[in-house]
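Participant: In order, the protein sequences belong to chains A and B. When we follow this note's numbering, the leftmost residue of the first sequence carries the number 263, and every step to the right adds one. When we follow this note's numbering, the leftmost residue of the second sequence carries the number 263, and every step to the right adds one.
Calculated directly from the structure, the hints in this document are not laboratory data. No experiment lies behind these values; they were computed from the predicted model shown.
Just so you know, same-sequence chains aren't split out, so a pair can sit in one copy or run between any two.
Simulated pairs of lysine-lysine, BS3-like, Cα-Cα distance not exceeding 30 angstroms:
(1) LYS398 x LYS483
(2) LYS485 x LYS398
(3) LYS549 x LYS319
(4) LYS485 x LYS347
(5) LYS309 x LYS319
(6) LYS483 x LYS347
(7) LYS549 x LYS650
(8) LYS483 x LYS319
(9) LYS319 x LYS398
(10) LYS398 x LYS309
Chain residues, written in single-letter form:
Protein chains: 2
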Amino acid sequence: MDSFHPPLRTLMGPGPSDIHLRIREAMSRPAIGHLDPAFIAMMDEVKEGLRAVFRTKNALTFPVSAPGSAGMEICFVNLVEPGDKVIICQNGAFGGRMQENVERCGGVPIVVACEWGAPIDVEQVDDICRQNQDAKILAFVHAETSTGVRANAAALCALARAHHMLSIVDAVTSLGGSPVDVDAWGADAVYSGTQKCLSCTPGLSPVTFSAQAIEKVRTRKTKVQSWFLDLNLLLGYWEGDAKNKNKNKKTRAYHHTAPINALYGLHESLVMLHEEGLDNAIARHTKMHNVLKAGLDAMGLQFLVAEEHRLPQLNSILIPDGVQDADVRTRLLQDFNLEIGAGLGPLTGKIWRIGVMGHSARFENITLCLSALETTLAAMQAPITPGKALAAAQAAYQDAYTA
Amino acid sequence: MDSFHPPLRTLMGPGPSDIHLRIREAMSRPAIGHLDPAFIAMMDEVKEGLRAVFRTKNALTFPVSAPGSAGMEICFVNLVEPGDKVIICQNGAFGGRMQENVERCGGVPIVVACEWGAPIDVEQVDDICRQNQDAKILAFVHAETSTGVRANAAALCALARAHHMLSIVDAVTSLGGSPVDVDAWGADAVYSGTQKCLSCTPGLSPVTFSAQAIEKVRTRKTKVQSWFLDLNLLLGYWEGDAKNKNKNKKTRAYHHTAPINALYGLHESLVMLHEEGLDNAIARHTKMHNVLKAGLDAMGLQFLVAEEHRLPQLNSILIPDGVQDADVRTRLLQDFNLEIGAGLGPLTGKIWRIGVMGHSARFENITLCLSALETTLAAMQAPITPGKALAAAQAAYQDAYTA
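Starting from the given sequences, assemble the full structure and let the hints guide the process.
Facilitator: Below is the structure:
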């Protein structure tokens with residue numbers, strides 16, 4: 263068993279995305295205790311930085327010490343009680359996972375099924391809400407990572423409010439790459455991941471909860487089924503003792519040992535986002551998407567999702583006829599050190615997912631991706647139009663600068 | 263918001279322990295995808311390395327992508343079904359947390375209460391097992407981090423077998439610092455943490471499950487209440503598709519995005535442990551404990567735990583009369599950059615916990631700890647004997663070399 267030296271990949275799958283050297287260096291700094299005053303001060307900055315990215319004033323905004331799937335679970339186990347009806351919009355893999363979560367909490371899922379690759383039909387959801395006035399929660403995925411579809415989060419959160427339901431929103435792939443307007447939407451529980459548009463290491467899940475959501479947690483009739491994810495306990499660590507009003511002498515109750523070095527990384531990624539400006543970062547994702555799109559269009563490749571519903575950071579491309587999914591991805595990885603993503607569930611073997619996220623959303627990555635994909639497909643005699651992608655990307659690059 | 267540069271602490275609390283530069287550098291390496299063949303090969307080495315430390319042949323041995331408290335929870339949510347009786351030995355904070363876990367799974371906890379700081383009474387547990395022949399599980403903490411007491415794990419696991427119960431063992435503080443003999447004990451589910459005697463970053467929880475434990479999970483009547491921690495699903499990622507028999511072409515089912523950089527760190531810490539040799543590492547923890555103990559004894563400080571039940575890596579010291587707990591720890595942190603731990607629960611303000619774990623278990627750390635503690639206590643005119651600790655430590659150091 264020898265030390266592991268990873269190959270140097272360019273990560274353009276559905277996450278993790280490339281991690282900037284500043285963030286990797288931050289993670290390599292010496293550990294300090296999770297109750298050290300210096301660490302607690304850093305935690306407060308992480309919370310403040312996350313509030314800025316979530317565009318919220320929610321006091322309870324923090325990173326869960328586990329990946330995005332635990333972020334999803336913390337929302338459901340805290341807000342769903344046995345017997346609670348939960349309306350779930352399902353147009354991809356992660357809507358399906360929400361259903362699993364509701365069932366495992368003893369809730370009653372009411373599924374609004376939409377086609378994978380199509381957007382959530384807000385009117386259809388409104389109908390279901392009208393038919394289920396006793397439902398407690400409306401849950402949906404803002405940025406479906408399995409398809410690249412964006413949901414109309416503002417409309418769906420407004421629907422939830424109108425029907426006196428809480429909303430649970432999956433913003434794993436959107437946070438930092440598309441506007442996530444928690445307060446403007448009136449969203450109640452939102453979870454994300456750090457390994458997508460925040461370009462940090464995987465393993466943390468930023469979450470934010472509205473006052474209404476906290477009220478629901480505090481007035482539950484049953485205990486939260488997970489000790490690790492019980493917000494009533496986590497509040498003692500992330501918020502300090504509520505009985506202690508002296509802000510400079512907050513006491514923190516020990517709950518679990520926080521992942522110190524990963525949090526150093528998240529802190530640095532939030533500093534970098536602050537330096538760039540959230541609006542600029544979001545605009546950058548769109549610019550890079552446009553350059554990628556110009557090249558893919560010129561090659562004659564088709565997108566799964568209609569243009570108006572596409573996420574800039576997650577591009578689902580139909581695999582051309584006669585081309586073997588895995589053969590292409592293996593060549594890209596072996597010959598170009600480039601990772602793109604496979605399809606999930608019913609889209610396995612039918613699409614590739616090209617991520618343009620965080621530090622991966624750079625012109626050099628897009629150029630590599632277009633060149634490598636064209637070279638590989640041309641070598642396989644796939645039905646594409648070769649020789650035009652780079653010129654099209656160059657024109658889109660020009661547009662991005664004059665815009 | 264500026265980049266965070268942590269103070270350079272010496273960590274001698276109950277964890278995290280100091281992280282060796284090699285491990286911190288490993289964590290700063292560029293990320294690759296969690297389904298990349300190079301990453302999967304590394305995962306296989308991590309599993310093999312963990313089997314060596316757990317001294318087990320258990321196929322299902324892997325690091326949970328979350329801290330030790332999630333490691334505890336993965337054992338209980340998978341093995342306990344509603345109505346199952348679980349006998350819990352409780353002689354510290356973590357036995358209490360086990361009870362919380364059982365209750366939240368709908369299980370029926372039967373608590374064998376022992377004094378905090380005292381060992382688990384095996385005969386008492388045997389009596390309780392005889393009175394509860396229908397109990398399904400016996401759970402106990404091998405190394406109680408809240409007190410520094412070692413349990414007789416071999417005897418307790420044997421009891422569980424004799425009474426046809428599964429055993430769940432907390433080895434968070436013991437793994438890598440004391441012998442954890444999973445196969446020799448016949449333990450069924452064992453969880454640990456990476457931030458103690460493995461000296462890696464917090465945020466991962468190594469676990470191992472026996473064939474009997476897996477059989478129980480596979481034949482459950484109810485779904486595991488946590489999606490994130492469901493072993494039936496995690497098997498697909500960590501073990502590959504059971505239907506695919508070709509070992510070189512294992513397919514891995516996507517479950518969640520693994521914490522790539524933290525796993526680089528764990529891999530490196532296992533490489534380092536392999537280089538040192540597990541037996542040598544365990545012996546080193548005992549040597550360092552003896553040096554620390556010699557110094558503390560010479561100062562006239564008392565241990566909470568009787569000598570024969572002490573863990574070398576977690577030393578609970580009674581706070582001398584008239585000395586304010588927090589004042590001392592604040593001085594140690596501010597003036598010596600040294601972290602030691604506070605007491606938990608009923609031992610708050612009554613003990614300090616001095617960790618001698620992993621990379622923190624070095625002579626230079628022990629020397630600093632003894633000097634700083636003596637200097638601080640002497641300055642506060644605490645009732646100790648000053649001026650003798652270093653000479654006593656030197657004699658013990660000499661003994662360690664001649665042994």
